[in-house]
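Based on the sequences and whatever the hints tell you, model everything.
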Amino acid sequence: MNTRPFWISLVAAVGAAVVMVLPRRRLAALILVIAAASILPFTVKNFFVFQMTLVMVYTVAILGLNILTGFNGQFSLGHSAFYAVGAYTAAVLMEHGGVAYYWTLPVAGIVCFASGFLFGLPALRLEGIYLALATFALATATPQILKSTPLEHWTGGVQGIILNKPDAPFGLPLNPDQWLYFFTLAVALLMFIGAYNLVNSRSGRAMMAIRDNPIAARSMGIPVELYKSLTFGLSALYTGVAGALGALAIQFVAPDSFTFLLSIALFVGLVVGGVGSIAGTFFGGLFILFVPNIAEQVSKGLAGAVFGIILILVIYLMPSGLGGTIRLWLYRLLQGTR
Amino acid sequence: MELFLHQFLAGLATGGIYALMALAIVMIYQAIDSLNFAQGEMAMFSTFIAWQLLQWQLPFWAAFFLTIAIAFVGGFVIERVVFKPLRHAHQLAHIVVFIALFAIINSMAGFLWDFSIKSFPSPFGSHPLFGQRLISAHDAGMIGVTLIILALLYGFFRYTRVGLSMRAAAANPESARLVGVRVGRMVALGWGMAAAIGSVAGMMIAPVVFLEPNMMNSILLYGFAGAVVGGLTSPGGAVIGGFAVGVIENLAGTFVPYVGRELKLSIALVLIVAVLTVKPSGLFGERIVNRV
Numbered sequence: 001m002n003t004r005p006f007w008i009s010l011v012a013a014v015g016a017a018v019v020m021v022l023p024r025r026r027l028a029a030l031i032l033v034i035a036a037a038s039i040l041p042f043t044v045k046n047f048f049v050f051q052m053t054l055v056m057v058y059t060v061a062i063l064g065l066n067i068l069t070g071f072n073g074q075f076s077l078g079h080s081a082f083y084a085v086g087a088y089t090a091a092v093l094m095e096h097g098g099v100a101y102y103w104t105l106p107v108a109g110i111v112c113f114a115s116g117f118l119f120g121l122p123a124l125r126l127e128g129i130y131l132a133l134a135t136f137a138l139a140t141a142t143p144q145i146l147k148s149t150p151l152e153h154w155t156g157g158v159q160g161i162i163l164n165k166p167d168a169p170f171g172l173p174l175n176p177d178q179w180l181y182f183f184t185l186a187v188a189l190l191m192f193i194g195a196y197n198l199v200n201s202r203s204g205r206a207m208m209a210i211r212d213n214p215i216a217a218r219s220m221g222i223p224v225e226l227y228k229s230l231t232f233g234l235s236a237l238y239t240g241v242a243g244a245l246g247a248l249a250i251q252f253v254a255p256d257s258f259t260f261l262l263s264i265a266l267f268v269g270l271v272v273g274g275v276g277s278i279a280g281t282f283f284g285g286l287f288i289l290f291v292p293n294i295a296e297q298v299s300k301g302l303a304g305a306v307f308g309i310i311l312i313l314v315i316y317l318m319p320s321g322l323g324g325t326i327r328l329w330l331y332r333l334l335q336g337t338r
Numbered sequence: 001m002e003l004f005l006h007q008f009l010a011g012l013a014t015g016g017i018y019a020l021m022a023l024a025i026v027m028i029y030q031a032i033d034s035l036n037f038a039q040g041e042m043a044m045f046s047t048f049i050a051w052q053l054l055q056w057q058l059p060f061w062a063a064f065f066l067t068i069a070i071a072f073v074g075g076f077v078i079e080r081v082v083f084k085p086l087r088h089a090h091q092l093a094h095i096v097v098f099i100a101l102f103a104i105i106n107s108m109a110g111f112l113w114d115f116s117i118k119s120f121p122s123p124f125g126s127h128p129l130f131g132q133r134l135i136s137a138h139d140a141g142m143i144g145v146t147l148i149i150l151a152l153l154y155g156f157f158r159y160t161r162v163g164l165s166m167r168a169a170a171a172n173p174e175s176a177r178l179v180g181v182r183v184g185r186m187v188a189l190g191w192g193m194a195a196a197i198g199s200v201a202g203m204m205i206a207p208v209v210f211l212e213p214n215m216m217n218s219i220l221l222y223g224f225a226g227a228v229v230g231g232l233t234s235p236g237g238a239v240i241g242g243f244a245v246g247v248i249e250n251l252a253g254t255f256v257p258y259v260g261r262e263l264k265l266s267i268a269l270v271l272i273v274a275v276l277t278v279k280p281s282g283l284f285g286e287r288i289v290n291r292v
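Heads up: the protein sequence lines correspond to chains A and B, in order.
At position 217 of the first sequence (counting the first as 1) the number is 217 in my numbering, and the numbers step up by one without a gap.
At position 246 of the second sequence (counting the first as 1) the number is 246 in my numbering, and the numbers step up by one without a gap.
Wrong hints could be hidden among the right ones.
As the list claims (entries may be wrong) - The list that follows gives simulated cross-link-like pairs (lysine-lysine, DSBU-like), each with its CA atoms no further than 35 angstroms apart: (1) Lys264(B) - Lys300(A); (2) Lys279(B) - Lys300(A); (3) Lys279(B) - Lys147(A).
What the hints assert, rightly or not - Examples of chain B residues lying across from chain A (beta carbon under 7 angstroms, computed): (4) Ile104; (5) Leu134; (6) Leu265.
Everything labelled a hint here was simulated from the structure, so no lab data went into it.
Note that beta-carbon positions come from the ideal geometry of N, C-alpha and C, so glycine has one too.
This is how it looks when you write it as structure tokens:
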């Protein structure tokens, strides 16, 4: 197979994502990203198309976490639970309701928004570390809840649910992997544009004001609790939609795919990509899909150690993550040439 | 009634382990205002070390005390190497590093000793204690070991110079430093002791839950629940909370259908969220009021 177009498009995609980190030129960069991402699936093996689909799924999930942590200053170690709720909503709707796959996404989003908002109402009275604790408990308890007998009829218990891969509609000349890739790409782009606009809106500024100084935000008339709960719900919505997309891509949901380790992975992606960097989440997604694979090739069980060591290095060496660091380098570079 | 009493005592036995974990969590919380999410993994790793020592034919109690010493040094070193540079960093940095430690220790244990489930011997045996049917020898042993450790810690923090210095360093670092307490060293000492207490908890619960890299996940969650119920600012409260959580867990497991058996972890979740919502300072903790 001729691999050159693949490398060109991959480099273009990463390059465009790098440029995305810079303000201005965003539209040009966005077009470049879409172009490169559209060429990619025709130049590589199906398995790699599948992997890139998963990268986008994780990117959306990390984006959800980033909205919460990066822009609202709240910690969650429990986003694997919302990912699971999204994935199971999609799977149960398709398996028991015969719902078309594309309708499962909005439903998963709404269900996750509601559950995030409801979990948020009591939990958000808690500050930083306590919220991390409550969400840690949520993540640890989730697989057990999914396996429990009362839910077994719907969730399939330990066995989980197997799904079918959707075919391309309208007779498009795409195989299922490629179709799902484009479907995920479209959803991911929508979610990104939504997040970008949110952060730059009045509500986004209110979220960041709460992050920077809750007391000052309150005294300026921002309803802090409401905003925090809504942000938590929205963050859960993003992660839930990602969960539904992930269920479609992997065609399988089971309780043990949604343990605390998934929360750790999302958290790692958030920190590596850059807390508070929207374009950086893409690097986070790439990182948590490919780095464990490489580490597992060296030795089974090393993935966690690699995750951990890189986390510590990121915190010491580039606290703003890859997204922030690349932005800094590019700024310096551009200033140097001017 | 006999079933109730039996389950109550069994709950006290596992509750003792939760109490130890809760105490370890509270010790680190007092020192750095953050929750050690890697506490369970540290305890698990220590237990693996004990298992390895036993494989090398050491007698149980020699391995037991040697492991405690190794865990102490390990906790001390982790504080000095990883956390000292981050003392004034943002809370997010602390959480990130705890998660990093969690991942590293968990995966190192799997790497060194693989992920298969191992049995861990009990020094007390699993036969019923003195021929009665209420409590097994191991359960009684767990309660005994827990009580001995609690008594030792109580004496240490009340009557020894180092213990008092540690309390001073946690209560008011600045004033403590002015009267000559080496605050940084006290924090590291607290870490070492938390790790040592955790290792005892790990070695005592391992015969019950079996030894594998993920064995402490649920124990840690119950430990957190105990600490939250009792109050994160109160070591004594955390101990009582730990015992209470153990008893609640066991009684619910016996007498509440479905919930108790299959959703045991959700009990901890509900306890944590409920206590944090209704009374964030816990039953025995003190309210912290921040000045603006």
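To see whether the hints hold, each was checked on the structure:
1. Our distance criterion of 35 angstroms between C-alpha atoms is met by Lys264(B) and Lys300(A), whose separation comes to about 30 angstroms.
2. With a C-alpha separation of about 44 angstroms, the suggested pairing of Lys279(B) with Lys300(A) is violated against the 35 angstroms cut-off.
3. Annotation: proposed proximity of Lys279(B) to Lys147(A) holds, straight-line Cα distance about 31 angstroms (limit 35 angstroms).
4. For Ile104(B), the suggested interface contact is upheld, since its CB lies about 3 angstroms from the closest CB of chain A, less than 7 angstroms.
5. Annotation: Leu134(B) was flagged as interfacial toward chain A, and the flag is violated, the nearest CB pair being 29 angstroms apart, outside 7 angstroms.
6. This hint holds: Leu265(B) has a C-beta 4 angstroms from the nearest C-beta of chain A, less than the 7 angstroms allowed.
Hints 2 and 5 from the list above are not met by this structure, while the remaining hints are.
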